[in-house]
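2 protein chains.
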Amino acid sequence: MKDARPGAAGARMTQGGGAGGDGGTVGELLGGRLAEAAEAFLRAASAMGGSGPDAMALRAAVRGLSPLLTVFGPLLNRSVADPLRSELGWLAAVLAPEPAYTRKAVRLAAALDVLAPVSAGERGENGPGGQGGAESTIRPGVLAGHPGVPKARALLERQLTLARARAHTAALQELRSSRFHALADRLSLLASDPPLALPENAPGDAALLPCLGAAYRSLAAAVRELPLARITVPYHGDALRTAPEDPDEPRWRRTRDRARAALRARAVCAPLLDELSNRHPTGLDELTELLAMAREAAEAAAGAAAAATTPRITPATGYVLGVLHADQRMAVEAARYAFSRRWSHLAPEYDRADTEMAQG
Amino acid sequence: MKDARPGAAGARMTQGGGAGGDGGTVGELLGGRLAEAAEAFLRAASAMGGSGPDAMALRAAVRGLSPLLTVFGPLLNRSVADPLRSELGWLAAVLAPEPAYTRKAVRLAAALDVLAPVSAGERGENGPGGQGGAESTIRPGVLAGHPGVPKARALLERQLTLARARAHTAALQELRSSRFHALADRLSLLASDPPLALPENAPGDAALLPCLGAAYRSLAAAVRELPLARITVPYHGDALRTAPEDPDEPRWRRTRDRARAALRARAVCAPLLDELSNRHPTGLDELTELLAMAREAAEAAAGAAAAATTPRITPATGYVLGVLHADQRMAVEAARYAFSRRWSHLAPEYDRADTEMAQG
Chain A
7 MKDARPGAAG ARMTQGGGAG GDGGTVGELL GGRLAEAAEA FLRAASAMGG SGPDAMALRA
67 AVRGLSPLLT VFGPLLNRSV ADPLRSELGW LAAVLAPEPA YTRKAVRLAA ALDVLAPVSA
127 GERGENGPGG QGGAESTIRP GVLAGHPGVP KARALLERQL TLARARAHTA ALQELRSSRF
187 HALADRLSLL ASDPPLALPE NAPGDAALLP CLGAAYRSLA AAVRELPLAR ITVPYHGDAL
247 RTAPEDPDEP RWRRTRDRAR AALRARAVCA PLLDELSNRH PTGLDELTEL LAMAREAAEA
307 AAGAAAAATT PRITPATGYV LGVLHADQRM AVEAARYAFS RRWSHLAPEY DRADTEMAQG
Chain B
7 MKDARPGAAG ARMTQGGGAG GDGGTVGELL GGRLAEAAEA FLRAASAMGG SGPDAMALRA
67 AVRGLSPLLT VFGPLLNRSV ADPLRSELGW LAAVLAPEPA YTRKAVRLAA ALDVLAPVSA
127 GERGENGPGG QGGAESTIRP GVLAGHPGVP KARALLERQL TLARARAHTA ALQELRSSRF
187 HALADRLSLL ASDPPLALPE NAPGDAALLP CLGAAYRSLA AAVRELPLAR ITVPYHGDAL
247 RTAPEDPDEP RWRRTRDRAR AALRARAVCA PLLDELSNRH PTGLDELTEL LAMAREAAEA
307 AAGAAAAATT PRITPATGYV LGVLHADQRM AVEAARYAFS RRWSHLAPEY DRADTEMAQG
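Protein sequences, first through last, are from chains A and B.
In terms of the numbering used here, the first sequence has 243 at position 237, counting the first letter as 1, and numbering is strictly consecutive.
In terms of the numbering used here, the second sequence has 323 at position 317, counting the first letter as 1, and numbering is strictly consecutive.
Excised from the complex, chain A in its bound form (with noise of 0.2 Å):
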């Protein structure tokens, strides 16, 4: 570890001298960490009773603890870690579905509502609208009064609703598996002992600053494999230029996950980047949303798809259904688009946390 380094201008990221003890050791950063995630989905499991565990509660506890033992996999030891990351995989899997289709709910009816708002008349008392409405932000919706849309809102709901009915009942019977309870044992242990493969007492920051660097690292790789080149060029048409299943889907999936990861990592050694927020990479927050918009029309266009599968429709519901899907492709377009936008911008700043973080 050198003590100055060119260009970094005063700014020290990878290792605290006086200052590291203060961020915080192993045990109090990592150790902490992991032991609170433990607890939070050991009080959801708990919640156990006529209705089964809090499935909302454990998932946040999933999504906050399986980050930490990838990010961090090289300070845990592999026997505790390794297996736990691959039950909570599949528990993540086992808790998606429900809220997933909740979200894709709530983002249809929503997208019903821009294009085909409820009565013209409503419209006009929200806002100017009219006169000189060339730059009014109210505009009516290309479905506005067609005879599909009471009918396709209303199948949507009712396919939505009850599949989100039958995920939920699916997950609860998971969640009284035998599977289950061997992972919820595994957290006790987890709590109780956090698995580290250093002393307790070790420095945080020499020791987790280089696992966040490889976030950031392992994030850049994951947006390396994108078509940014095509992305970045507005109106591409990628959005439409799709199988019904998208190829790049999960490559996209994969930069979101990075990003979450890196997210989440971040969090844990806030204690140790307080003095180091100029040299952060920025935009980790807006990128990640902005992969997670892309994501949720993604899911959102298939569920329309799906909905125009229903047999007996009628043909106004399905050009209904039709439009749906182009347009939340087209906000899948949108939304990549903006990532790979901000991403430009952005991804020199990754590059060097990178370097400065792995020489830590």
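Keep in mind that a hint or two might mislead.
To be clear about the criterion: a stretch of chain A counts as covered by chain B if any three or more of its residues have a C-beta under 8 Å from a C-beta of chain B, and this derived list gives those stretches [unchecked claim]:
1) 90-96
2) 248-256
One side of the interface only, derived from the structure: several residues of chain B facing chain A at Cβ under 7 Å [said to hold, decoys possible]:
3) Val124
4) Leu161
5) Leu204
6) Arg247
7) Ile319
8) Pro321
9) Gly324
10) Leu327
11) Ala340
Since the hints were made in silico from the structure, they are not lab data.
Source: prediction; values computed, not measured.
Every residue gets a Cβ at the ideal spot worked out from N, C-alpha and C, and that includes glycine.
Using the hints, position chain B against chain A.
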């Protein structure tokens, strides 16, 4: 008229001095062009045989002549030019539907080919794809393999072929009317005696260039009526934030008409403009093209929406038409976005040219 203008950098647009006569007289430039256009009209009209006049050649002649009567109106006898312009407007409306249906059919078929390529195998033979295909330009379409595609394709082809045939018959009917024959008589007069309000041998530049400047000014005025501030943001979403009728469409159509008129007027003035090429506003062809693209996509979108109202189509057909409608509305948005971006760079040139030509 000032002989030396600040910033004019030696180029002189509005009067040629010695060079002015070289550019041509009003009679040569405007009179000659009017006569040519009228003769083209009469040739097309006299193709009148078993199958009637050559409607497409007639339409081209009308499109060539009408803008001249508008842009150079101040140089013409109003008693002749005004009724002629009005009657040419009538004929343009008579002749427009048939080619519009052709364009619509071609465009929608092409869009379906992109959204649902005929077969993945055929696509593979045409280009790279596959390996490292993230950057490949060949992408599958969101409707690939969808059962509604062949039905939608056949429906559109049937409907648009029928509509085109009806439009053709209706146009032929009008071309046998006494109104058309009266118009042809007016054009015979025009061909032999262009209704110039100035002496034939008046220098062309002092007369014509201010009219061309006014045509640019008129285009710029139409552009100012457009919601450019909104449109210049990519993915602004206006394309689908329209009622079944796009409230902005009339403004865009007027802008397109004025761009076309300026283009046509520029061609008439070409002999006067050689030495001024560096001062002349650029990009008019491109702007006109983008406006035409937006218009064609809007027409195609309306065609898809109209086809979706056909009774007894399948829901799958309705769905495909909904996607197609949204796809074309997005093409409208993309073309308008491209126009507004281009205009934001070019506007100063049009403003400058206006001022200089108006001084002539």
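These are the hints, each one checked on the structure:
1. 90-96: It is violated, with 0 qualifying residues against the three required.
2. 248-256: holds (count 5)
3. Val124: Violated, about 14 Å.
4. Leu161: It is violated, given that the least Cβ distance between leucine 161(B) and chain A is near 11 Å, above 7 Å.
5. Leu204: violated (39 Å)
6. Arg247: Because about 4 Å separates arginine 247(B) from the closest Cβ in chain A, which is inside the 7 Å limit, the hint holds.
7. Ile319: holds (5 Å)
8. Pro321: Cβ of proline 321(B) sits 3 Å from chain A, so the hint holds.
9. Gly324: holds (3 Å)
10. Leu327: holds (6 Å)
11. Ala340: holds (4 Å)
Checked against the numbered hints given earlier, this structure breaks hints 1, 3, 4, 5; the rest are met.
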